[in-house]
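In the order they appear, the protein sequences are chains A and B.
First residue of the first sequence? That's 1 in full-length UniProt numbering, and the numbers climb one at a time after it.
First residue of the second sequence? That's 1 in full-length UniProt numbering, and the numbers climb one at a time after it.
Hints in this document: simulated from the structure, not taken from any laboratory.
The reader is advised that the hints may include incorrect statements.
If you anchor each label on the Cβ, the simulated ranges turn out as follows [claimed, not checked]:
hint, chain 1, residue 1, chain 2, residue 2, range
1, B, Ser245, A, Pro260, 52 to 60 Å
2, A, Pro260, B, Ala250, 47 to 55 Å
3, B, Asp347, A, Ser79, 52 to 60 Å
4, B, Glu364, A, Ser59, 22 to 30 Å
5, B, Glu353, A, Asp349, 38 to 46 Å
6, B, Glu283, A, Ser251, 45 to 53 Å
7, B, Arg523, A, Pro260, 38 to 46 Å
8, A, Asp382, B, Asp323, 46 to 54 Å
For every residue, glycine included, the Cβ atom is placed at its ideal position computed from N, Cα and C.
Chain by chain, the residues run as shown.
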Amino acid sequence: METGSSVSKGTFAYKGKKRSIDADQYFKRSDTLGTYRQRLDVLQEAWENIDTQIQILRSDLNSKIFDDLVKFAKSSHESFTLGGGQIDSTPKEIPTAAFVTGVNTPDHGVMFSTLVTTLQDKVSPLVAILKSKDCNSVKNTLSKTLTQLFQNPLLFSEDDEAIPGNTKNMTCSMSTLVSWYQDKYNTNNSSPKKRKSLGGGSKDLGQYPPIVILFEDLESFLPHVLQDYISICRNYIGEIPLVFVFGIATSVSAVHRLLPNAVSSMLCMEKFQAPPSTEYLNMVINQILMTSRYPFKLGSKVFQLLLDIFLYHDFSVLNFIKGLQFAMMDHFFTNPVSHLCCSVEELEDRVTSLKPKEVEQVRRLMSFRGFVEGCPPSKQEDMLLNDKVTKLEFVVLLRRIHTYHSHLYPVLKCLHIMVSKIPKHPLGKQLREVYSRLLKSFICDTEDYKECIELLRMTSKDELMDLLQQCRSSLTEDLPPDLSTLPSDLDALLDRFLKIDEVTEEETPENTEESLHLEKTDLHTLRKRLQEEGKKKKKLSPYEKLRNETIDFFDSLFRKYLVCPTSLPLYEIFYYDAWGEIKRHLNASPRSVVQMALSSPHHYLQCKCCESEPGSVTPSMPDICIAYKLHLECTQLINLYDWLQAFVTVVTTDEDLDEEKIKNPDKELQYPFTYCDKCVQMFTSVIRDHVLARFIRAVSELQFLGFVKPTKRKTDHVARLTWGGC
Amino acid sequence: MKHGKMTTNSGRPRRKCVSVSFVGDDDVIGHIVDVNKKYESRKQKKRLSLQHTRKNQLKYTEDIEIIEQSDSDEENFQPSVFEEQGDGQVAGSDVFQFKTAKKSGSMALKASEARTPKTPKSILKNSISVSSGKRKTENVTPRKGEGTPKKGTQGKLTRKGRKPEATTPFKLRKRTEYICDDVDVDSDSSDTDSEDGESDTETSATPVPPTTPRSRRKIQEAADMPHMVEEYFDLHSQGGLSTTSDRTLAKLGTGKMDQESLNELLRRVPSKHSRECQQMYEEHRELFHKWMFYMCNGYNILLHGLGSKRTLLEDFRRSELKDLDHVVVNGYFPSLTIKHILNTITDEILEAEGTYKSPLDQVEFIKSQFETKDYRDFFLVVHNIDGVMLRPEKIQNILSLLSQIRGFHIVASIDHINAPLIWDQTKCSRYRWLWYDVTTYLPYTDETSYENSLLVQQTGSLALSSMSHVMKSLTTNAKQIFLLLAKHQLENKDSSTYLGMSLQDLYQRCREAFLVNSDLTLRAQLTEFRDHKLIKSKKGFEGIEYLVIPVDNATLTEFTEQHESSV
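Can you make the complete structure from the sequences, with help from the hints?
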């Protein structure tokens, strides 16, 4: 069936025989070496591991704030009794938690659904969540609330209630809810058996579980709906224990912007601040990218790009993870030997089972070639020709990367601790910044690193000891054998620092005396002078000696372990660095693509004829490009007639006339010889119609793309909608 | 900046504060105008050029050095999101610019430039002034190496009082400007033009050895800045209407073409670069399995780039989805609604019948169908998800919710340059798009066929069919009322002052024909017409309501002829 230009229908359905698709077959088609099966397995396994880890992190992250919220919801109606409202006629306020969630709205859906389950588990089965998209009127809002409360599966473990069936015909009002609630929990008092069955899912919910109503995106609710809803609820607060949770993306002041004073005074608000999404991101990076558990790693450029998308676009960790997943898929999809990117245990088997073709593929990796060139000539030949030797070498090299990873991260954390407090943060404040520098180049050769070491050599004792303590405590995880002595080394250093305190006692007066000599100078000369004096004296204080020793110790540690991954042979198997792919597919800019295609068609067509300096027009370009380039020369309005003329000037050349001759051979004879008015007229009218048609098409395409639009300000004019371009 | 430079030239006493303001200006203007130009080339090149500038300026001011250092520090910080892609992406600064002044003849000038060594001839002019044969022959005979623009444009140019130097090539002029190195640009009248030309060539030219021209450019650019700001405000104060000519398409002497003859003509036009296009198309086809793989993993595919992507998507659908459930949606279809899409899914794919309170309710239903039963894959192919009818926020919201359903995949295309604006952050992340640039250069034949193109005469076939559809469902009396209105409009088709039929008048006539018995019944009937967009009402000068049928007369005549007999 043709779906093109139907005038009666816009949608067409096709039923297929198959019900589901299999990723295998598509993966297979890109395969050149027959390794697809293994690669896909590795990919799926790796992604599953990472995914579960992410889930764990997510629940960990919010556990604290959720606990607070749970506590709040529990405690807010502790003294509630049924019928209390009638006795105590003074109006109460609705307890409200203002839950400030941050601007990363894409992540909120997941967060709130976890919150709902947590609340249902720990506070009350009566939880309703409202989203602005379903609540465009008070009636909708109420019915949404009530259906969620009544149809709660937690409540109806036994079939003694018939309410879910008739919710549809029921009038949705607060009083229905009140009578339902009173029915339910009043009878509970008299019949303990029933009560037990109700409370089955949730242990100690108290006699009267509060009704928690969550507003997921408070800012997008219609103000009047919200106001009415709150006012209605307030009227019943004496009869049922209501608790609100407002999900606020911006700041608490949004509540006051939405609600007038009369309404907001009905709420008793308490603020809860969710941890910022950067914290979550740090966790994800630390636990997934910066660990030796998962062999897949992001290269420097991709890592930086994903970070920048996060920091400059949306603060959404979900999107970061999406990028990570895409990177993984692309890595395993495009790299035919990526199945070697597996854990150490499987490594040897995988390498020995490599087929000759695959070995050849690995040999082609740039880093391996560099490695071979560095080998002695006798070995080189073996490496390139003898598969057995090469395979052994592969195992050694890949193992080396694994051990490198296991050393890298603890040491990197130490480096971060050492440099994060340094003024102006030459290596960056966050661990991720230090990590991204490490990925880029050998960090110990950078100017910034040297500066850091210089500055560290000037730290005071307290600071230095503090740093050492922190390093020591960061090294609690199980360390690789090479690093196992590191904690004790640090302890020894710390011990010596403590002891030095007693020894240096006598030297301190000398120092202070000296500092008194200094006249009033600025910092610069002071520093210079102090340095000079330090040189002159030659003799360092014990503390300074020890400090230098400590810094040297760290410096050598860093230099040994913090090698740039790109300097290791075969790093391509673990590191994914196709920056362009990620950028094109996750952070595309459609407009610049269109404009590029219009302004320099040769870039896409790769033909010689359209190659010209930018800004100029050649007749060989596609029509739409010509029309586009001409329209760039106009101001806000474009005269269609002038545009057409210019278009014709560009398009009609001698060749066109020739072509015309071929098409209409009867005229061919006439044209060069008998030059009469009539034939030229016929001639031109044929061409004119063609050119006009092409022009019309080009203009309507430009209109479709959004570059021009029809205007009524002047007859036969169109308005330009964009500026810039060439 | 300008100030700083002036001091060095005129030899005024150098002050330290001058150099401070130097960087400030540069910085601020850099931020406003074209910060990206500086980042165009790789960082190393940038440094290189910076060093050059530094050396250049060191000649006269040594104390700038320290500040320049801090400047370069700042430039080092460039998040990679904003970095250009090296290989042929247009820089943001090229895409998003301010309005610039253009002289009215510049389009024609550019057009003639495109074919300077060739024969300049305007066939259109020929067709207009057929009688004067002499000029025609003159036009057709090749005049080599002359390269004069068309008569009309030249005349206009002189009329506008442009200097004859306007015909000198841009580059030459640019060079002379460099040589004289005059800071006082305001006095130079041809300045605007050369500036445009310059920015055009400079921005996207492959970086020539960044030695002297670069550093010079920096000076030049800075000198232009204050001028550019003034120009911006000048341009926006005058309204922009004055510069276009008053000629209209009526001068062509031919009527508008209709859609069919246009299509017929276009079919015969040989397409340029068909070989290259075919090659590109084949390259895109090779991505199909990749798309399928990513869709298996929960991503959705979004195609963008110049040229119709219909053929490619249809191809994809036929080759990859032929055994699977899928729905094709033409987003450019003018009367598409979200209900159509949802109904097609529920009725024809899920084969479930039911009534739904709202589209959201229907989405819930679809979701439950997909997620409670065993896993199944479903594909929604949307040609132009940025189509006019799909643009509203609510519809995109529903589509994005659909895309989150397990096993529900979307393959879509966009064409409008501002299409991504229809999604906010939340929707974007719900969709989980993977963007693919599939530039095809194919004509948008189907997509634009519904669009009311400016130059195409509307045949009104669509309007006619929709009118007939509505008409079938009406009562006899209602039909008569509508016909009465239509005939009245046809009777008055020649009068230019015809506003429409007044409500009172219509009521009177309807009563006479025993079609209605009260004002109320008539109004109820009219509301129905209005709902189907069959009529429009306007308020006249005296506050009387006038009724018009918003279709052209030819269509209306045809319509009345069709229905006269049936009623």
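Item to check | Whether the CB-CB distance between arginine 523 of chain B and proline 260 of chain A falls inside 38 to 46 Å | outcome: Since the Cβ atoms of arginine 523 of chain B and proline 260 of chain A sit about 40 Å apart, the hinted range of 38 to 46 Å holds.
Item to check | aspartate 323 of chain B and aspartate 382 of chain A - C-beta distance against the hinted 46 to 54 Å | outcome: Holds - the Cβ-Cβ distance for aspartate 382 of chain A and aspartate 323 of chain B, about 51 Å, lies within 46 to 54 Å.
Next on the checklist: Within 52 to 60 Å: is that where the Cβ-Cβ distance between aspartate 347 of chain B and serine 79 of chain A falls?
Outcome noted: holds (55 Å)
Item to check | Beta-carbon spacing of proline 260 of chain A to alanine 250 of chain B - inside the hinted bounds 47 to 55 Å or not | outcome: For proline 260 of chain A and alanine 250 of chain B the Cβ distance comes to about 59 Å; the hint is violated.
Item to check | Outcome of range test on Cβ distance (glutamate 364 of chain B, serine 59 of chain A; 22 to 30 Å) | outcome: holds (27 Å)
Item to check | Verdict for glutamate 353 of chain B, aspartate 349 of chain A (Cβ pair) under range 38 to 46 Å | outcome: Violated, since glutamate 353 of chain B and aspartate 349 of chain A (Cβ atoms, about 56 Å apart) do not stay within the stated range.
Next on the checklist: Range first: 52 to 60 Å. Now tell me if the beta carbons of serine 245 of chain B and proline 260 of chain A are that far apart.
Outcome noted: Between serine 245 of chain B and proline 260 of chain A, where Cβ atoms are some 57 Å apart, the hint holds.
Item to check | Outcome for the supplied range 45 to 53 Å, where the beta carbon pair is glutamate 283 of chain B and serine 251 of chain A | outcome: Given range 45 to 53 Å: holds, Cβ gap about 49 Å.
Against the hints set out earlier in the document, violations occur for numbers 2, 5.
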